[in-house]
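J.: Take a look at the letters that make up each chain.
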Amino acid sequence: MEKNNRKAWLYLLPAMAFLGIFMVYPLVDVLIYSLEEGFNFASQSGHGVGFYNYGYILRDPYFLQAVKNTFLLVIITVPVSTGLALLISLGLSSIQKLRNLYQTVYFLPYVTNTLAVGLVFMILFKQTPYTDGMVNVLIRWFGGETVDFIDGPYWAKMFVLCFYTVWVVLPFKILILTSALASVDRTYYNAARLDGTSSFRTFTRITLPLISPTVFYLIITGFIGAFKAYSDAVALFGTDLNAAQMNTVVGYVYDMLYGNSGGYPSYASAAAIVLFAIVLTITCINLLVSRKHVHYA
Amino acid sequence: MPNHLDFERIEKRATVKKRIGKVFSYAMLTFWAVMVLFPFYWMLLTSVKSYSAYNGEWIPQLFTVSPTLENYLEAFTAVPLLRYFLNTLVYTLITTALMLAVTVLAAFAFARMQFPGKNLVFTLFLAMMMIPNELVVITNFVTVTEMDLRNSFPGLILPTVTSVFYIYLLKENFSQVPAELYYAAKVDGTSDFKYLWKVMIPICQPTIVTVTILKVIECWNNYVWPRLITDDENFFLVSNGIQSIRENGFGRDNIPAMMAAVVAVSVPLIVLFLIFRKKIMTGVARGGTKG
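Heads up: the protein sequence lines correspond to chains A and B, in order. Okay, so the first sequence: first residue is 1 according to our numbering, each after it adds one. Okay, so the second sequence: first residue is 298 according to our numbering, each after it adds one.
What the hints contain is simulated information worked out from the structure, not anything from laboratory work. All C-beta atoms, glycine included, are put in the ideal place defined by N, C-alpha and C. Some clues are possibly wrong.
[As the list claims (entries may be wrong)] Incomplete in silico selection of chain A near chain B, CB under 8 Å: (1) Leu-12; (2) Leu-19; (3) Pro-26; (4) Tyr-62; (5) Leu-64; (6) Leu-119; (7) Phe-142; (8) Ser-179; (9) Ser-183; (10) Phe-216; (11) Ile-220.
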């Protein structure tokens, strides 16, 4: 047995080495960074310990802007994308013909490069001296007022960001919900039909309770994912997100670390920890709420 | 016979209702399918419009009568797109191979071997699934910079190798293989490693393929880490390449060439997806995260 012991650790060694160096050590280190005041990259030293870094970022208008953007993004995209995914999955499960084709099409955004397709969205929404862009042409066609969605007013930029985020996250949600719907036992539906239950009632009384764990799982992962939004924003508005007023908290972390305003790992660490705290709190709240409303069969 | 008529009417109404529901379903599904496909169509279309034609269109045209491939030529000559492709290929292959080796070994140890502290270590591994990447990326950036590995493949690859989730997924799969096979192999004097290589891996091949594909997708689309760690375009991956093309390639207004690059970057994964459609979709349903 002794020999087997040592061998087991040998098998685990590569994984533990990688995780130790690139995950456990950084986790401790990031806490230390965030508490070191006046840390200097060049001399690798600071002059004291305290909460100055946290105070600094909480007073930084760029950080507050980023927090506001992120919260707006989360509050808008999570319900919209979950609801839309539910609607589409219900539609998918109600048809037989062409179902595979639709499913394949819906899944496409999952395998595409966020940066690359974001560029297409930018072109569709952007107004340039040469063209209004496809979306604005449509808006005008319906008699609306054209607006530059990429360099224009705040709400327009927020709209594009939300729209693109929903477009990107839907494939995953549709896939998960479709398989959840398919796994609902048909006998419940047959029983409901025998009793002449309306389809709306069937949905609220049978389908929704039975798939509620899945819906809830999607809401939690949706929250976490949306809080970490970053590359979608970069794809649409370029790397200088602060200038575009479209930065996210994760973007703020990376900007502090590297780039034009970079070189401040302490501020970046503090911001990352604040983000983690927010996500953890909201996940806990979600879990508490789910106890009441989620039906585990 | 009023009763009989009643039934007929109810039945008729039900069929009509059902049909309306169907039409509504199809209309909604088609609408979203168009929303999904339109950007893809648009990039393909724009990539074959000539520069002058594109810029001459105040109202963008939905089709083109004179498609051209000159933009693709431009995309591959004016910026080192081929270089980005090769980099991404090398990065993806090495990262995925390393990840597989590390993951398979660890999963095997957790699934088949007995050693003290196993449960504790496994719990710690699971706990690590909750650590967001954003939290550790800062130190990794500093570590890699200090080791002088910026703008190098080791610097790109090493921090992105491990995924605890894949270890978990594979361990679950390995555990389903009956232990009797293991004991039989032991009686025959087969070494652990040979057993893993000849029995476990072939049996669990579907899961291993799934994990591989998911990792390939992840690598191909990786943007944040490469952006932090490379500023020399000789080490750019496709995502970073696209971003730098957007910021300063081609002269900012050559949208058709930009779109040609975007198409070139998107095609490999779409082809991979169409080939392994079933595998990818079940794989993501079991273990994907995004959104």
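J.: Next, verify each hint and record whether it holds.
T.: How the hints compare with the structure:
no. : hint    : verdict
1   : Leu-12  : 5 Å, holds
2   : Leu-19  : 6 Å, holds
3   : Pro-26  : 3 Å, holds
4   : Tyr-62  : 17 Å, violated
5   : Leu-64  : 18 Å, violated
6   : Leu-119 : 5 Å, holds
7   : Phe-142 : 14 Å, violated
8   : Ser-179 : 5 Å, holds
9   : Ser-183 : 11 Å, violated
10  : Phe-216 : 15 Å, violated
11  : Ile-220 : 11 Å, violated
Against the hints set out earlier in the document, violations occur for numbers 4, 5, 7, 9, 10, 11.
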